[in-house]
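Asks: Next come the chains, spelled out residue by residue.
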Amino acid sequence: MILVEDVHKRYRTDHGLGPWVLKGVNFRIPPGVSVGLVGKNGAGKSTLLRLIGGVDHPNRGRIERHCRVSWPIGFGGGLQGSLSGRQNAKFVCRIHGHEDDMVDRLQRIADFAELGNYFDEPVKTYSSGMRSRLQFALSLAFDFDVYISDEVTATGDAAFKKKAAEAFKQLAGRSSLIMMSHGEGTLREFCTAGIWLNDGYAYWFDAIDDALRAYKESIPKWFKRSSNLRLRGSAPGGWPGCRTSWCPRRFAAACLPSPLS
Amino acid sequence: MDATDSVGAAGRHPLRVTLSVWYALLLRESLTRLFSRRAAWAWLMAEPLFHIAYMLAIFTGIRAYKMGGVDVAIWLITGMCAFFMFRRVASQGQNAISANQALFSYRQVLPVDTVIVRALLEGVLMLLVTCVLLAGAALFGHDVVPDEPLLVIGAAFGLWLIGLGWGLITSVLCGLVAEVGNLIGFLMLLSGAIMPINSIPQPYRDYLILNPLVHGIDAVRLGFAPYYHAIPELSLPLLYAWALGMLALGLILQVHYRERLMHQ
Numbered sequence: 001m002i003l004v005e006d007v008h009k010r011y012r013t014d015h016g017l018g019p020w021v022l023k024g025v026n027f028r029i030p031p032g033v034s035v036g037l038v039g040k041n042g043a044g045k046s047t048l049l050r051l052i053g054g055v056d057h058p059n060r061g062r063i064e065r066h067c068r069v070s071w072p073i074g075f076g077g078g079l080q081g082s083l084s085g086r087q088n089a090k091f092v093c094r095i096h097g098h099e100d101d102m103v104d105r106l107q108r109i110a111d112f113a114e115l116g117n118y119f120d121e122p123v124k125t126y127s128s129g130m131r132s133r134l135q136f137a138l139s140l141a142f143d144f145d146v147y148i149s150d151e152v153t154a155t156g157d158a159a160f161k162k163k164a165a166e167a168f169k170q171l172a173g174r175s176s177l178i179m180m181s182h183g184e185g186t187l188r189e190f191c192t193a194g195i196w197l198n199d200g201y202a203y204w205f206d207a208i209d210d211a212l213r214a215y216k217e218s219i220p221k222w223f224k225r226s227s228n229l230r231l232r233g234s235a236p237g238g239w240p241g242c243r244t245s246w247c248p249r250r251f252a253a254a255c256l257p258s259p260l261s
Numbered sequence: 001m002d003a004t005d006s007v008g009a010a011g012r013h014p015l016r017v018t019l020s021v022w023y024a025l026l027l028r029e030s031l032t033r034l035f036s037r038r039a040a041w042a043w044l045m046a047e048p049l050f051h052i053a054y055m056l057a058i059f060t061g062i063r064a065y066k067m068g069g070v071d072v073a074i075w076l077i078t079g080m081c082a083f084f085m086f087r088r089v090a091s092q093g094q095n096a097i098s099a100n101q102a103l104f105s106y107r108q109v110l111p112v113d114t115v116i117v118r119a120l121l122e123g124v125l126m127l128l129v130t131c132v133l134l135a136g137a138a139l140f141g142h143d144v145v146p147d148e149p150l151l152v153i154g155a156a157f158g159l160w161l162i163g164l165g166w167g168l169i170t171s172v173l174c175g176l177v178a179e180v181g182n183l184i185g186f187l188m189l190l191s192g193a194i195m196p197i198n199s200i201p202q203p204y205r206d207y208l209i210l211n212p213l214v215h216g217i218d219a220v221r222l223g224f225a226p227y228y229h230a231i232p233e234l235s236l237p238l239l240y241a242w243a244l245g246m247l248a249l250g251l252i253l254q255v256h257y258r259e260r261l262m263h264q
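First to last, the protein sequences are chains A and B. Heads up, the first sequence is in the UniProt record's numbering, so the first residue is 1 and it goes up one at a time. Heads up, the second sequence is in the UniProt record's numbering, so the first residue is 1 and it goes up one at a time.
Hints are computed from structural coordinates only; laboratory data are not their basis. Take these hints with a grain of salt, some might be off.
[As the list claims (entries may be wrong)] Coverage of chain A stretches by chain B, computed from C-beta distances (three or more under 8 Å per stretch; other residues unrestricted):
id	stretch
1	53-67
2	79-87
3	94-100
Every residue gets a Cβ at the ideal spot worked out from N, C-alpha and C, and that includes glycine.
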């Protein structure tokens with residue numbers, strides 16, 4: 001269970017304190033429930049994930065983690081360039097207290113990442129795809145109760161993507177996830193509940209579909225129409241001459257999988 | 001402002017988490033310190049050796065074979081190694097946080113951990129370097145066995161503590177005022193490592209004596225040779241008072257600026 005109580009967060013900028021990103025967020029994630037975070041860019045999704053992951057701390061309020069929570073996966077950090085993939089993996093094993101069964105876990109990481117000989121080369125020689133494969137493999141090597149993920153499924157080449165998606169599905173079976181994604185399909189596939197972040201507040205929905213709907217309804221009408229124009233104008237079907245006001249909502253939504261991205 | 005973990009029986013005690021982080025960081029830091037560049041481990045030895053060699057050439061060039069009653073080679077080796085015990089620890093600690101930014105995406109790792117671990121590593125490495133240099137001097141026939149090993153250990157530990165305190169403080173301040181990092185460069189001349197403090201004219205000598213490094217370095221020399229003409233004001237308590245004060249200030253800064261340090 002994860003408890004988030006009255007969490008406020010703002011960052012310090014070069015010009016003093018920034019605006020509040022989170023203005024009193026409250027929710028409780030029950031055990032075994034996977035949650036999708038939705039909200040526009042800059043709504044504080046990544047901030048909230050970092051706070052839940054314990055990488056960052058709230059200015060006010062508290063977060064309680066009553067389970068093993070992963071580090072935020074897919075944030076690009078956590079690897080030291082001058083060390084090899086194996087050495088980085090060993091480090092992560094050690095800080096998680098897996099000194100005893102490290103050999104096993106290293107094998108799992110090496111098998112999953114499929115880096116071959118590159119596993120023993122410095123990470124700075126890796127391509128970005130290889131990097132993210134290693135990061136993903138690292139996160140899978142530990143049995144967390146809750147995984148925090150930031151679009152991890154969308155890394156690597158086609159083959160790895162498929163493998164990662166399968167591994168992710170397996171993962172979703174035994175652990176729960178807190179993820180943010182601009183892909184509706186991904187969210188629907190993995191999450192049952194949803195949190196919509198808007199204007200510094202969080203709204204909890206027991207069903208991810210409701211969260212997505214609330215999020216979509218928050219997008220102003222004029223914006224919906226203008227992006228419709230762009231999308232439909234470039235579609236092979238040509239300009240159908242529909243106006244949003246009488247266009248079926250279902251349809252408008254399908255045009256707008258990620259309106260601001 | 002609170003975040004707690006409680007995972008019941010599966011959870012690890014915070015102290016165990018910290019210890020495993022220190023262990024992991026220590027192995028990682030020693031790898032990067034010793035093998036990241038070509039023959040990086042050789043430079044560890046080369047730097048103090050170079051300083052000692054050219055100062056020895058100068059001193060013997062002006063026919064100064066004794067310094068404060070002590071063999072000048074031993075005077076230089078002990079002074080330089082004692083000073084480097086401070087400087088290496090301090091400068092490595094100073095850069096520890098900025099060099100390890102990537103690691104703070106694991107919540108187990110705190111900025112202060114990286115400074116402490118680097119200080120431990122540098123302390124051990126400097127101990128090894130000192131032993132090798134002294135062994136080398138012994139091959140040339142110098143008397144390298146300390147007469148009061150306890151005094152040497154006590155003084156060297158005090159210098160290490162000051163280095164750690166410096167690292168803790170400046171690793172925070174460097175984020176705010178980057179120029180603080182340059183201060184350390186002035187200290188070699190001012191701490192009596194290559195220039196005898198007693199030869200400095202008054203009133204400047206009295207100012208220099210306020211520097212705790214002077215006391216630490218002279219105490220190490222006194223430990224090697226009890227007949228050494230150390231500064232009469234020599235006081236280990238002064239060294240330790242500075243060390244503990246800096247340590248306390250450093251830890252306070254680390255706690256207070258923890259969040260800012262984690263994403264500079």
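Asks: Could you check the structure against the hints above and give me the numbers of any it violates, in ascending order?
Replies: No numbers; nothing is violated.
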